[in-house]
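Enquirer: Residue numbers (the numbering used here), protein chains in the order written: chain A, 1 to 252; chain B, 253 to 504; chain C, 505 to 756; chain D, 757 to 1008.
Some hints here could point you the wrong way.
[Stated by the list, open to error] Pair by pair, the computed Cβ-Cβ distance ranges are:
| no. | chain 1 | residue 1 | chain 2 | residue 2 | range |
| --- | --- | --- | --- | --- | --- |
| 1 | A | Arg17 | D | Ser970 | 55 to 63 Å |
| 2 | C | Arg608 | D | Ala1004 | 48 to 56 Å |
| 3 | D | Arg879 | C | Asp530 | 56 to 64 Å |
| 4 | D | Ala810 | A | Arg179 | 26 to 34 Å |
[Unchecked claim] Interface residues of chain D toward chain A, partial, derived using beta-carbon atoms under 8 Å:
| no. | residue |
| --- | --- |
| 5 | Phe769 |
| 6 | Val771 |
| 7 | Trp772 |
| 8 | Gly775 |
| 9 | Asp778 |
| 10 | Phe827 |
| 11 | Val956 |
| 12 | Gly966 |
| 13 | Ile969 |
| 14 | Val971 |
These are computed hints drawn from the structure, not numbers from a lab. All C-beta atoms in this analysis are idealised placements derived from N, C-alpha and C, irrespective of residue type, glycine included.
Number of protein chains: 4
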Amino acid sequence: VRIDLNADLGEGFGVWRLGDDDALLDVVSSANVACGFHAGDPVTMDRVCRAAAARAVAVGAQVSYRDLVGFGRRRIDVEPEELRCDVVYQLGALHACATAAGTRVSYVKPHGALYNVAAEDARQADAVAAAVASVDPALALLGLPGSEHQTAAARHGLRFVTEAFADRAYLADGRLVPRSHDHAVLRDPDEIAARVLRLVRDGVIDTIDGARISVEAQSICVHGDTPGAVAIAERVRTELTAAGVQVAPFTA
Amino acid sequence: VRIDLNADLGEGFGVWRLGDDDALLDVVSSANVACGFHAGDPVTMDRVCRAAAARAVAVGAQVSYRDLVGFGRRRIDVEPEELRCDVVYQLGALHACATAAGTRVSYVKPHGALYNVAAEDARQADAVAAAVASVDPALALLGLPGSEHQTAAARHGLRFVTEAFADRAYLADGRLVPRSHDHAVLRDPDEIAARVLRLVRDGVIDTIDGARISVEAQSICVHGDTPGAVAIAERVRTELTAAGVQVAPFTA
Amino acid sequence: VRIDLNADLGEGFGVWRLGDDDALLDVVSSANVACGFHAGDPVTMDRVCRAAAARAVAVGAQVSYRDLVGFGRRRIDVEPEELRCDVVYQLGALHACATAAGTRVSYVKPHGALYNVAAEDARQADAVAAAVASVDPALALLGLPGSEHQTAAARHGLRFVTEAFADRAYLADGRLVPRSHDHAVLRDPDEIAARVLRLVRDGVIDTIDGARISVEAQSICVHGDTPGAVAIAERVRTELTAAGVQVAPFTA
Amino acid sequence: VRIDLNADLGEGFGVWRLGDDDALLDVVSSANVACGFHAGDPVTMDRVCRAAAARAVAVGAQVSYRDLVGFGRRRIDVEPEELRCDVVYQLGALHACATAAGTRVSYVKPHGALYNVAAEDARQADAVAAAVASVDPALALLGLPGSEHQTAAARHGLRFVTEAFADRAYLADGRLVPRSHDHAVLRDPDEIAARVLRLVRDGVIDTIDGARISVEAQSICVHGDTPGAVAIAERVRTELTAAGVQVAPFTA
């Protein structure tokens, strides 16, 4: 059994850092590297790409709306054609950083508000997929199963890689419990690690209301923006490895 | 006889435009496309790359210090390592735009203050050349003959393409008359066209003090940021063509 | 009879210009000066404030979402508290520029998407009004009659100044014909000038479907971002003056 | 005996934080608040101004070159007239934030590269002082004794407040030991606190080569960008207070 672990990385800007990139790079097999629109300056991108290359961690382009001050978390009513160009730009910028660092970009994952909007908005999802396909049709798109992202990826002939979230509660219909809900985010490392192991081995998740549902996930998203989050991610990896699950890039 | 004509293009940002890109693209054989640091947003880059592709005009990355408000005209004391990453980022961004538009980046030309600083500062010139070589050693670097750019290009195994300026006066030592000088910029289309033709055919330029010097130029830089400048550029091309000189990309 | 004419000014950035500020400043009595978030750098703001001061044109803060590349025309889902701070920041920046230029800010007018969103969204309208009131309760807010802006201004004890648009077609309910409609924008200088004169003298506008409605407007918005637009604005002023209407700031 | 303690505050941007603003605000009497050009977004500025107001800490505008990615640490060859406008803009923006937060800006301190450049470059120093004087001649300028800042402040009729650095080694001529030197920065809380107390009480500092020099300082700059730095700042304040020195804004 094999699974990919992905996390957002390189989300600082200039002197500012967010999360512990080095610690997370020892946990994950795929690094979603910020490309400069919500976070990530060229020096940070270079550093993260080199660190990922040194650990054989796969590099993905974490593309976003152009919104540094809002960290890409605010919906922007961008025209699809403009979004397409924005994604091409970011993808290319990271691709060159990765090349210079001795690795390459192998997938794309939208960030923040773009992740949420394009999961439900066919026009924005299409713009993202069209951008990716026009730069390199061998790239994969990483996102929610059943989302508009998945539909758009298929339309443009892209491989779509499904992901689940290690620390998020699920509804019975397979969607995430909204963050506004008290129990949207799980915090107990034991519980999270057990959930992930069950998901990887059996393809099921226990929902917030006690049901058990099937969830398709070729990658598990972990977080690293707080000390606690890194410890949880490390625990997830340890648990998986102890159970004989190999953590490896989905691109491997 | 054959010569390349190059010009700065895509130097708008968002709603703002600078110069007449379409008119210039009918004149030049190489387009120095702004990459977002001094000008050039992804939509503009996409548009210019498509227009260049449609006319078989070569695309070059016009890389700059990060300085939108100063249009890249102000020296910034950036560390070489940071400059290297900035150039990688811009080059990659344009490369993806060009790929999506059905063409490719074939050379790099620094813009504004970076052009001037790196022509004389070995560390900055080296950072630019190192960046280019790390992304694609087949790319050429376009710049002043005898500059630190040329030395750095050689050190990194890059092809260096020399350029001369159609509308600038020259000193006897081959350098440009500083812009602060009254007669630094030529404005008479007849005179400019005749100078360019003489340069292309005979490899010589008449200097501001009446001497005649040899100038090596594989490309001639024309401008297009004013209506008068476009007319001059058109006149230069017409004169060259009438004299049997073929205008074609140096990359051809 | 007296009326105010207002227009958007200082909407360039760095080397880029939009419209003919000087020509428009000879037409209007109130200048909505861009404050740096959708357009307008400090040098441009300084220049426009000095030119306005020299002509006794009133200065207003044209506040916007933070979106240079989109020129503030894209809706951004900003939290009210964040929008409040953004407006305070822009207003203060222009206030200092105006002070240094020997004049002062006397009103605030939201720009682009913020104008449209806050006209209908009570929370965003409230954030704008709260910001203005917290900086200087003597400032006026300029906007659409009957909008959420007007309600919010009243709630915060601000003077609200109503405006009409010289070159926009109106619906029977007093709203503007959406720009997507073919005849949303009027282009005939004769017709526009006559409409404005009728509006100022009689308080009525002929709607797109032939009705005549009452419109309350203490200021008329004219545009200047094209050569044609400046000519229309000049024509409006000439017509008003010829008819004995005094063009003067509403703040006078 | 009374002394002012100042520190840089509000140097985050969006989600990013730098240093512990709240801890430092319990130590200092004057807060140099970042104004958006090297750090500091409107929400952060609002938060810091309110926290400063609640503690009766004076608010100063920490103005900078426009350089988010470089944190204002890189020299930019900006024209004095442009720098003047940039300072006016930042000062006004913070002034409005402070007003909305129930306090006011009472001084200006340049940041990073601008601090260093303008200390030695008369033209840039003059631009800063001219900007301050044009907005409010009652504002003070905080900087190095004997610097071009001081000369420029005098020329523009501004109060100049001298500062010394708690944790920096001094040369015999009163200048700071350059950061490139191994012992440029002191790290021992005991030593630093003792130095500051001696400086405040006796007006002297022991230099790096064992001499004792007179240093005029109406304010002491402390840092807070690391946990260790905050502890040192707290120790300095404790030592001063224990010795009967009152820590209070120089504006009091």
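Enquirer: Run every hint past the structure and note whether it holds.
Expert: Status of each hint after checking the structure:
Roughly 41 Å separates the CB atoms of Arg17 of chain A and Ser970 of chain D, a value that falls outside the hinted 55 to 63 Å. Under the hint 48 to 56 Å, the C-beta atoms of Arg608 of chain C and Ala1004 of chain D, about 33 Å apart, miss the expected range. In this structure the hint that Arg879 of chain D and Asp530 of chain C lie 56 to 64 Å apart at CB is violated, the actual value being about 34 Å. For the hinted restraint 26 to 34 Å between Ala810 of chain D and Arg179 of chain A, the CB-CB distance of approximately 30 Å keeps it satisfied.
The interface hint given for Phe769 of chain D holds, since its Cβ lies 7 Å from the closest Cβ of chain A, which is under the 8 Å cut-off. Satisfaction of the interface hint for Val771 of chain D is found here, the shortest Cβ-Cβ separation to chain A being roughly 5 Å, below the 8 Å cut-off. Annotation: interface hint on Trp772 of chain D holds; nearest CB of chain A at approximately 3 Å, less than 8 Å. Given hint, Gly775 of chain D at the interface with chain A, is violated; its Cβ is 11 Å from that chain's nearest Cβ, farther than 8 Å.
Look at Asp778 of chain D: its Cβ only gets to about 18 Å from chain A, farther than 8 Å, so that hint breaks. Here the hint on Phe827 of chain D is kept, as its CB sits about 5 Å from the closest CB of chain A, short of 8 Å. Annotation: Val956 of chain D was flagged as interfacial toward chain A, and the flag is violated, the nearest CB pair being 31 Å apart, outside 8 Å. The interface hint given for Gly966 of chain D is broken, as the beta carbon of that residue sits about 35 Å from the closest beta carbon of chain A, more than 8 Å.
Annotation: interface hint on Ile969 of chain D violated; nearest CB of chain A at approximately 33 Å, more than 8 Å. With a least beta-carbon distance of about 29 Å to chain A, the hint placing Val971 of chain D at the interface is violated under the 8 Å criterion.
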